[in-house]
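From first to last, the protein sequence lines stand for chains C and F.
Heads up, the first sequence is in this note's numbering, so the first residue is 1323 and it goes up one at a time.
Heads up, the second sequence is in this note's numbering, so the first residue is 504 and it goes up one at a time.
Keep in mind that the hints were calculated from the coordinates and are not lab data.
Each residue gets a CB set at the ideal place from its N, CA and C atoms; glycine is no exception.
There could be a bad hint or two in this list.
Stated by the list, open to error - Per label pair, the in silico range of CB-to-CB distance:
| id | chain 1 | residue 1 | chain 2 | residue 2 | range |
| --- | --- | --- | --- | --- | --- |
| 1 | F | D561 | C | S1340 | 42 to 52 Å |
| 2 | C | V1377 | F | Q573 | 19 to 29 Å |
| 3 | C | G1394 | F | L549 | 21 to 31 Å |
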Amino acid sequence: EAGVAQSPRYKIIEKRQSVAFWCNPISGHATLYWYQQILGQGPKLLIQFQNNGVVDDSQLPKDRFSAERLKGVDSTLKIQPAKLEDSAVYLCASSLAGAVDTQYFGPGTRLTVL
Amino acid sequence: QKEVEQNSGPLSVPEGAIASLNCTYSDRGSQSFFWYRQYSGKSPELIMSIYSNGDKEDGRFTAQLNKASQYVSLLIRDSQPSDSATYLCAVNRLGGNNRLAFGKGNQVVVIP
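Only chain C is shown next, with the shape it has when bound in the complex (with noise of 0.2 Å):
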């Protein structure tokens, strides 16, 4: 079975650049995270969907980040602009859905904000 994929793997972008992030969840899986991962801290979850609807984006800076789960499969989350503070690993995790259901996460995507 394949895991979660992500792309790009490493991006280096300017302050106030705008950058994409990609993510195909595993087959099946109904529900689609998005994950900020800044270094030494644990996860911080950014936004949750179901299927193709938003369950959860309430530490989503809805100023610059952006996310879309058009077909309920892939989704892409963007930030624009981007600020120094974003640079962190960007990690998406996918599910069955339910309320206690294994998370499996993807390689994650590094952003360095110059």
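Given chain C, work out where chain F should sit, using these hints.
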């Protein structure tokens, strides 16, 4: 108060010894508790889940949950160099849509 706290600094243990990690959480209504292992530069990987008070054993790993005291712990027996990683405690909030709150993690270094 942070939702999930892991306050211990890096833990160095000799090979073959027991590594003990602790985690406390603030939401008394939390229902599900997880330990993830994260190797440097890699993504988190689930190693243990526990839902009721008491101990749960899986191979060399034992998770312990005490809801009254709001803490969960992880014991790694017969520690191996391959256990050297950061261990993240995660808690599923009551009524949450499988939203996990993570602690900052504890680094474990197993010395051969």
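Do the hints match the structure? See the list:
1. Distance hint for F:D561 and C:S1340: a CB-CB separation of about 44 Å, consistent with the stated range 42 to 52 Å.
2. At roughly 26 Å, the beta-carbon separation of C:V1377 and F:Q573 lies within the given 19 to 29 Å, and the hint holds.
3. In this structure, C:G1394 and F:L549 meet the distance hint of 21 to 31 Å, their C-beta atoms being roughly 24 Å apart.
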